[in-house]
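Listed in order, the protein sequences are those of chains R and D. Each residue of the first sequence is one higher than the one before, starting from 1 at the first, in my numbering. Each residue of the second sequence is one higher than the one before, starting from 1 at the first, in my numbering.
Calculated directly from the structure, the hints in this document are not laboratory data. Be a bit skeptical, because a hint or two may be false.
In silico DSSO-like cross-links for lysine-lysine, where the CA-CA straight-line distance does not exceed 27 Å [said to hold, decoys possible]:
#1 R:Lys78 / D:Lys38
#2 D:Lys56 / R:Lys57
#3 D:Lys38 / R:Lys57
#4 D:Lys112 / R:Lys57
Predicted model only: the values in this text are computed from it and were never measured.
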Amino acid sequence: EPEVTQTPSHQVTQMGQEVILRCVPISNHLYFYWYRQILGQKVEFLVSFYNNEISEKSEIFDDQFSVERPDGSNFTLKIRSTKLEDSAMYFCASSYGQGGNQPQHFGDGTRLSIL
Amino acid sequence: DQQVKQNSPSLSVQEGRISILNCDYTNSMFDYFLWYKKYPAEGPTFLISISSIKDKNEDGRFTVFLNKSAKHLSLHIVPSQPGDSAVYFCAASAVAAGNKLTFGGGTRVLVKP
Numbered sequence: 001e002p003e004v005t006q007t008p009s010h011q012v013t014q015m016g017q018e019v020i021l022r023c024v025p026i027s028n029h030l031y032f033y034w035y036r037q038i039l040g041q042k043v044e045f046l047v048s049f050y051n052n053e054i055s056e057k058s059e060i061f062d063d064q065f066s067v068e069r070p071d072g073s074n075f076t077l078k079i080r081s082t083k084l085e086d087s088a089m090y091f092c093a094s095s096y097g098q099g100g101n102q103p104q105h106f107g108d109g110t111r112l113s114i115l
Numbered sequence: 001d002q003q004v005k006q007n008s009p010s011l012s013v014q015e016g017r018i019s020i021l022n023c024d025y026t027n028s029m030f031d032y033f034l035w036y037k038k039y040p041a042e043g044p045t046f047l048i049s050i051s052s053i054k055d056k057n058e059d060g061r062f063t064v065f066l067n068k069s070a071k072h073l074s075l076h077i078v079p080s081q082p083g084d085s086a087v088y089f090c091a092a093s094a095v096a097a098g099n100k101l102t103f104g105g106g107t108r109v110l111v112k113p
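Okay, chain R solo, but in the shape it has when bound:
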C-alpha cells in the first residue's frame, strides 16, 4: 500500500539554525499538509498546500516557517531560525481530495529536537 515517507526520523539542531524536514507524499495525492505534536499536547495543524500554493495556515505558521514542493515528489517544511519551543514531532500528510471520504494519510513523523 502506498505510504507517506518522511526523512529524517530524528533531527537534532542548535537553536537559531535552519532546519528542513522532508516528505514524499503518496504519488497521486494533490493536497499536502504539515502538523506537529509537542510532547504531551494535541496534534496541531500547521499548513496545507494545494496547486503549488499555501491554501490554509495556522497562527503557529509564522514567517519563520515555509513550505515548498521543489519537484514532483518532495514536500518540505523549512524553519529558518529554530527556537527551543519548535521541539516537537512533525507529521506530513497527504490526501487525494478533501473531506472525510478522502482522508489524509500520515507519515511516521520527524522528531525535531532543538538544543
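Use these hints to put chain D onto chain R, whose structure you have.
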C-alpha cells in the same frame, strides 16, 4: 484549542469485548469526523470517518456513531483484539476551513488478553 475533546485519556478492555471511545466537539461547522489510530513511533493511521449528514458508519469491527444534536461521536470496536492496543485520535474537518484536521487529545486503549 478545545474544539474537539476526548475526555477519557485511557481505556482498558478485555480481549473479545467491546471498546467504546468517545469524542465531543463544539464547532457546528465540522462536516467530517475521522478516527485515527496511532502506534508508538508511527504516524496516525486512518481508521474510519463519518459525514455530518450521517449518524452511523460501519467498517468491519469498527463502527462510528454521530449524535449531531449532542455534538458527540463514538467509536465502537468489537470484538477488541490485542493488536488494537494503541492511541486513538478523534479528528474533525470543515471543507470551508480548508479541510485541516482538528484533533482531540487521544485515548490510549489497552486490550488485555
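Evaluated hints:
no. : hint               : in the structure
1   : R:Lys78 / D:Lys38  : holds, 25 Å
2   : D:Lys56 / R:Lys57  : violated, 31 Å
3   : D:Lys38 / R:Lys57  : holds, 24 Å
4   : D:Lys112 / R:Lys57 : violated, 41 Å
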